[in-house]
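Enquirer: So the chains spell out like this:
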Amino acid sequence: MTAADTDGLLVERFKRGDRRAFEMLVVKYQRRIERLIARMVRDSDLVEDIAQETFIRAYRALPQFRGESAFYTWLYRIAVNSAKKALADLKRDPVLTESAFAMREEDDETSRGPAELSSGETPESLLASKEIAATVNAAIEDLSEDLRQAIVLREIEGLSYDEIAEAMNCPIGTVRSRIFRAREAIAERLRPHIDAKEGRRW
Amino acid sequence: MNNDPAMNPDEMRRLLSAIADGEAGPAEVESGCGAWAADARLHERWHAYHLIGDVLRSEDLAYAPRHDQAFLERLQLRLDAEPAVLAPRALAQTDTPVTPRRQGWRLPLAMAAGVMALATVLVVANAPTDGSAPTIAQAPQALMPVAQGTQGAAAESVPALEPVPAGGRMVRDAQLDRYLRAHRDYAAALPGSLPGGAGRSVSTVAFER
Amino acid sequence: MRAWRSRIDGLGLLALLVLMCALQPVRAAAGAALSDDEARKWLARIQTAAHERNYQGTLVFSADGSLSSARVAHFNNGAQSYERVQALDGRMQQTLRHNDRVYTLWPQARVAVVEERDPLQASLRPVVEPRAAESYELRIQGSGHVAGREAQMLLLSPRDGNRFAQRLWIDSRSGLVLRADILGARQQVLESSAFSQVEIDVKPQPESVLQPMKQLAGYRQVRPAQVPTRLEQEGWTLNPPVSGFRLANCTRRALDPVEGGAAPQPVLQAVFSDGLTHVSLFVEPLDRSRHQQPLLTQVGATHTLMHAHGDWWVTVMGDVPAQTLKQFFQALERRR
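Chains A, B and C, in that order, are what the protein sequence lines are.
The opening position of the first sequence corresponds to residue 367 in the numbering used here, with each subsequent residue numbered one higher.
The opening position of the second sequence corresponds to residue 88 in the numbering used here, with each subsequent residue numbered one higher.
The opening position of the third sequence corresponds to residue 7 in the numbering used here, with each subsequent residue numbered one higher.
Keep in mind the hints are simulated off the structure, nothing from the lab.
Even glycine gets a Cβ: it sits at the ideal position worked out from N, Cα and C.
Accuracy of the hints is not assured; some may be wrong.
[To be verified] To be clear about the criterion: a stretch of chain A counts as covered by chain B if any three or more of its residues have a C-beta under 8 Å from a C-beta of chain B, and this derived list gives those stretches:
# : stretch
1 : 380-387
2 : 412-425
3 : 437-450
4 : 506-515
5 : 520-527
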């Protein structure tokens, strides 16, 4: 299964008029898109604005999207264009040139080391971010081998359920269930971070 | 492929997990979208599943959920303002329509002509500011200012003024208008120099003879 | 299989925590009050945009359930600035400005009021000032669209009861205010001005302003004088001053002529600003034939108070609560 199929059903759903499918895709990709733009645009005020603009442009253009590429590939290009346009509008030189933005592997989006503050980050947000990362890592460590393997194969190796079923020599239903339970276990550990609202004082 | 709207929360979460991996059928996706929109906890789960995936791949993507939620809410407001992408005729059953939160600005209602530029009695159409339809009050004959107690400011000792029943018509006379124009010449910020510093120096009230 | 690695360093985390405690509140997330610096930055941006940008559009004004609109244009090509506002209703009144010269035309009455403003006043066109941050707390409320353009929503909440809150929609690209709502004590919209349509960064068209200024055949031209002066010079003082409001301008001037009436008497107009809104204080000799009844009224967000003050007639008006006008009135003292 290719990456396109993962999003294909939500895209189809959106084309049939369901805006919520689009919003679900937003939730899925918003962090990656913001990260991407933050590498191009040093002004932190702009990063979120450009990310918003990216999704608005995607929303408008999505009805014409025919799946020639993966949805995320298409979205990625919109983000890059939006950032360059914003920079041009502000009459600033783009921080990086075109060639630097040839589509790369996903993990290249994250080039910074852990403790370096980017322009938008505050010590508060960096701390929140580290706590979340720490929580996820600890939760993964505590999973049983089956669950851990299933979720790692899915999220990091990008295998389909079929492929995971073959790799782990179990039925697809079991794969689906293991991934679900792994996610649930980690999500439970994340709940304090999610429920915090204003109460969390750093 | 269970399309049962009475699916329990656990089932819905399983469904979302499958949708996240592109391993669900169209009917399941439809069901999932509906449930996602309706249930805040499913909202959180969908978000959490993807946060987990992102963080596993790269810790730089560990954004605080509050940030992500704020982002989505901002975007939703903007999406509300977008023209509908498609006429949602193909939508199944119970879709809550997204209602635009902002009406477009309309140009002024038909206003009677009638112009005696400087000596006209101006009548303000008095209406609640909650957007309900305005009512045009009758223009009185005499050119007399009417004192009105403003909200929350009962007529006090100095100055002593006659209150007018709340919701009564207000009358501006042309004399007041001259002061208003002089006042609005200096319209600072807004809406004054809303470029309209001048915009408001133009008498901005509907009137009719 | 452990393809990920934890890169958290326990010590690093602790160091960050210590650093955090030593810092002041950091940049606010959407919805939290802006710091003083950020607030001033926003206000300065609005101020600059209003002065520098070339734009034209249709402004719709709404108050008390009624609407009116005007075509507006503003051009600035370096040294020269031009403005035009034209009421879009039967009256066809328009205001034209070229640098310090302001024409107000009443086509039906065929009257043109021509004023040469003091350069300080004319180009001052008091705009939002950064010092409004002293009297208002600013917060970003997200973004919206006005006239098809993306805008940031900025809420200015008064720090005391002497002024109204305002919500501004700032064009993301240019910093121009696209919409402004004045809010009452219960957050209800008292007045709203918004562009229904606008083009920003258009090519300046000075002729569209200069032409009408030359077509005044058959118009009675009135040239009132505006003489800058000082409150104290005129024998008045404000004691105590009303918090947040600073004197922005003080002139002796004539108000617009009344159709068929006598030549207007000069009035003293003192304008006080808090950086966002302003209050005008008019003082003139008491004329018992005209100045009969005290008045306290409200149109949209604008309150007006008129009352006798000894041998004088005082008018106070502004987009402020009535209590503020009363404070001004009560603080006004005759010195000689």
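Enquirer: Taking 8 Å as the C-beta cutoff, is the stated coverage of the stretch 380-387 of chain A by chain B satisfied by three or more residues?
Expert: holds (count 8)
Enquirer: Are there at least three residues in the stretch 506-515 of chain A whose beta carbon sits under 8 Å from a beta carbon of chain B?
Expert: This one is violated; 1 residues, fewer than the three required, reach chain B with a Cβ under 8 Å.
Enquirer: Report holds or violated for chain B covering the stretch 412-425 of chain A, Cβ cut-off 8 Å, minimum 3 residues.
Expert: holds (count 6)
Enquirer: Examine the stretch 437-450 of chain A for residues whose CB is less than 8 Å from any CB of chain B, and state whether their number is three or more.
Expert: Three-residue rule not met by the stretch 437-450 of chain A, so violated; n is 0.
Enquirer: At least three residues with a C-beta closer than 8 Å to a C-beta of chain B: is that true for the stretch 520-527 of chain A?
Expert: holds (count 5)
Checked against the numbered hints given earlier, this structure breaks hints 3, 4; the rest are met.
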